[in-house]
Amino acid sequence: MPSEQWTHPEPGDGPAAVAAQPSPEQVIAGLRATSEGGAELTQLLTPEGERVPSPQFDKYVDDIDAEALRGLYRDMVLVRRADREANAMQRQGQLGIWVPLLGQEAAQIGSGRALRANDMAFPSYREHGVAFARGVDMKDLLGIFRCTDHSGWDYQRHGFHPYTIVIGNQVLNAAGYAMGQKFEGKVGDDDGEATICYFGDGATSQGDVHEGFVWAAVYDAPLVFFCQNNQWAISEPTERQSRLPLYQRARGYGFPGIRVDGNDVLACLAVSRWALDECRHGNGPVLIEAFTYRMDAHTTTDDPTRYRLSDELEEWKLKDPIERVRAFLARGGGADQAFFDDVQAEADAFAADLRDYTFNMPEPPPDRIFSNVYAEGNPVLDSQREEFLSYLDGFASAGEH
Amino acid sequence: MTDLQKLTIGKALNLGLRRAMEEDPKVLIMGEDVGKLGGVFRITDGLQKDFGEQRVLDTPLAESGIIGTAVGLAVRGFRPVCEIQFEGFIFPGFDQISSQLAKLHYRTQGKIKMPVVIRVPFGGGIGAVEHHSESPESLFAHIPGLKVVSISNAVDAYWGIQEAIKSDDPILFFEPKRLYHSGALRAEIDTSGTPVPAFSSQVVREGTTVTVVAYGPSVKVALDAAAAAEDEGHSLEVIDLRTLSPLDLGPVFESVRKTGRLIALSEAPSESSLTSEIAARVQQECFYSLEAPVLRVTGFDTPYPPAKLEEHYLPDLDRVLHAVDRSLSW
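Taken in sequence, the protein lines are chains H and U.
Residue 58 in our numbering sits at position 58 of the first sequence, with consecutive numbering throughout.
If you want our numbering, it's the position in the second sequence, counting the first as 1, plus 401.
By construction, these hints were calculated from the structure, which means they are not laboratory data.
Each hint can be trusted.
To list a few chain U residues with every Cβ distance to chain H over 12 Å, as calculated:
1) Asp404
2) Val597
3) Thr610
Derived contacts from chain H toward chain U, CB cut-off under 8 Å, selection only:
4) His150
5) Ser151
6) His161
7) Gly180
8) Gln181
9) Ser371
10) Tyr374
11) Ala375
12) Pro379
13) Val380
Here are the simulated lysine-lysine pairs, DSSO-like style, with alpha carbons at most 30 Å apart:
14) Lys407(U) - Lys567(U)
15) Lys186(H) - Lys567(U)
16) Lys450(U) - Lys437(U)
17) Lys139(H) - Lys512(U)
18) Lys427(U) - Lys450(U)
19) Lys514(U) - Lys139(H)
20) Lys186(H) - Lys427(U)
All values reported here derive from a predicted model rather than from experimental measurement.
Note that CB positions come from ideal geometry on N, CA and C, so glycine has one too.
When you get a sec, could you build the whole thing from the sequences and use the hints?
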């Protein structure tokens with residue numbers, strides 16, 4: 001378990017201990033995006049692509065040889081390329097909105113690849129990389145943003161719950177699901193199941209997230225809270241959400257919290273595996289704060305130049321999650337230029353396929369409005385449907401004459 | 402074989418919950434104080450003792466948490482039955498109810514089912530402090546994807562709660578709290594007999610002069626008014642709605658075509674309420690049968706008053722009879 005490096009004074013510690021605590025200004029400064037994430041940041045791969053040994057977490061990525069790392073690199077490149085394509089399609093009026101993940105590929109691929117088939121993930125609405133890692137067809141996902149569907153994948157087959165737009169709701173839903181895993185006796189050994197839920201730094205201010213922490217804690221639910229602290233909740237910075245690093249909140253609920261470099265795919269994979277492993281064995285929950293940065297807007301309706309400085313963006317560009325893996329692979333001989341070119345070509349083809357599909361995405365028939373509101377039907381709704389369809393038929397027959 | 406038991410609404414609910422838990426191990430009860438205490442109204446009395454702490458969950462104290470985790474448990478395949486202690490405390494859970502519980506089936510084109518029941522003791526007349534006597538059912542009837550029902554008697558309590566738990570749709574189950582332990586409403590129930598279908602409106606007293614439609618605690622008021630009206634020579638037909646969403650207004654239309662007059666009775670404030678909806682639909686369907694405008698007897702459009710004033714706020718027998726007179730004077 002990670003040590004608590006930023007301890008709090010206990011009653012009786014005396015004035016010296018209290019004085020040794022950081023001032024509120026220092027705490028806030030430590031929260032800001034331009035910080036390095038602090039000494040407590042777990043990192044296995046530096047922004048320069050140097051491998052940092054970790055006595056605690058190396059064992060969780062023992063199996064990640066050059067080939068596996070190339071796989072993680074490929075995942076991130078494909079997801080980023082799809083994200084950029086979708087962003088462009090929104091600008092061209094082909095998508096109603098897009099929620100960019102640019103910069104958060106490592107947090108999502110690292111945690112997503114740590115999951116097993118029987119695990120369940122509860123996403124927010126930016127988790128396109130986790131969706132990809134769970135085998136969700138990106139085409140199915142794009143229906144949400146072209147506004148043809150609310151959720152187009154089989155949540156059970158992929159272990160990937162529908163996107164949740166209302167901030168923080170999914171955290172409680174995930175806590176309930178994880179309680180179910182516990183009640184069914186699916187935790188306690190290496191084969192145990194676990195749940196992971198994703199939310200942002202802004203969501204940590206929501207009551208549902210707090211309640212999710214309480215429920216998961218008191219029922220010992222096998223739940224990994226995966227907070228992607230991308231520094232901005234639309235235009236509100238992290239210091240508008242918290243006076244202390246978010247991972248430290250876990251302590252108040254009685255479970256471990258850890259801050260990981262969210263731009264380091266290897267560290268995200270290792271820390272997520274560790275946390276999921278704790279859950280599988282019945283030692284959950286765990287809070288992971290993936291310290292990362294949203295490189296693009298909150299959504300395509302947003303204009304980040306109104307609220308943040310370009311210096312900040314430039315600083316974070318140097319910590320790019322893909323470039324550091326590329327540097328590590330290239331330097332260590334894990335991949336050659338042909339590999340990088342192949343991945344780029346694959347990503348371009350992937351994006352082109354998404355584009356073709358999106359442009360030709362069928363629109364749902366009008367009576368879909370009425371479908372599946374209830375599992376067991378509703379006579380009032382049935383008569384509304386009939387009336388509406390016969391109204392539409394009226395236009396059809398008028399057109400025939 | 403018959404198994405006749407004479408039960409109050411409260412005991413009938415308790416026995417109905419017990420049966421549902423016996424029949425399906427996926428049924429869970431969850432809420433504040435539902436375990437050892439048996440709920441603040443003792444509706445879940447003895448269930449934790451017999452089914453254990455994993456099937457009757459004394460939860461932390463947060464309504465969004467109760468409902469939000471019930472949603473997740475339902476995704477996992479459980480059938481949670483949540484208790485909200487008093488209707489006035491349901492609002493922290495409103496977000497989870499309207500955003501997740503009501504919509505997940507629709508959002509996933511039917512892939513996720515939400516067999517969740519939320520039991521809500523509601524209504525006034527118990528002399529309580531604020532937030533303990535309200536009638537917010539119209540707010541939930543307005544949300545697509547939810548079913549909203551209300552019981553008024555022990556037979557429906559026993560069968561209705563079992564039917565609600567068996568349903569694959571999320572159900573808000575409104576219980577008339579002031580009648581839970583009413584000895585007068587004790588009913589003989591054949592607990593091993595054929596289930597009584599609960600979710601359709603029902604004529605509970607036949608009459609010819611004026612129709613009164615009510616639900617939950619107001620059904621008793623309507624029946625008392627009908628008994629009193631008889632002495633004055635008026636024959637009231639009383640209909641118990643039972644289902645508030647979807648509204649089953651067929652029997653109401655039929656009755657209005659017979660009597661030509663309708664009074665819609667409810668404790669809730671009148672503006673934008675179930676009684677508004679009933680009035681609108683009845684004028685749409687029965688326009689040529691109406692001899693008088695549809696009248697409403699309801700709570701006022703105020704917050705629920707201090708309980709020393711509730712006898713004036715709550716529709717009673719006299720206000721119903723006054724409305725009968727107004728209807729007949731048209």
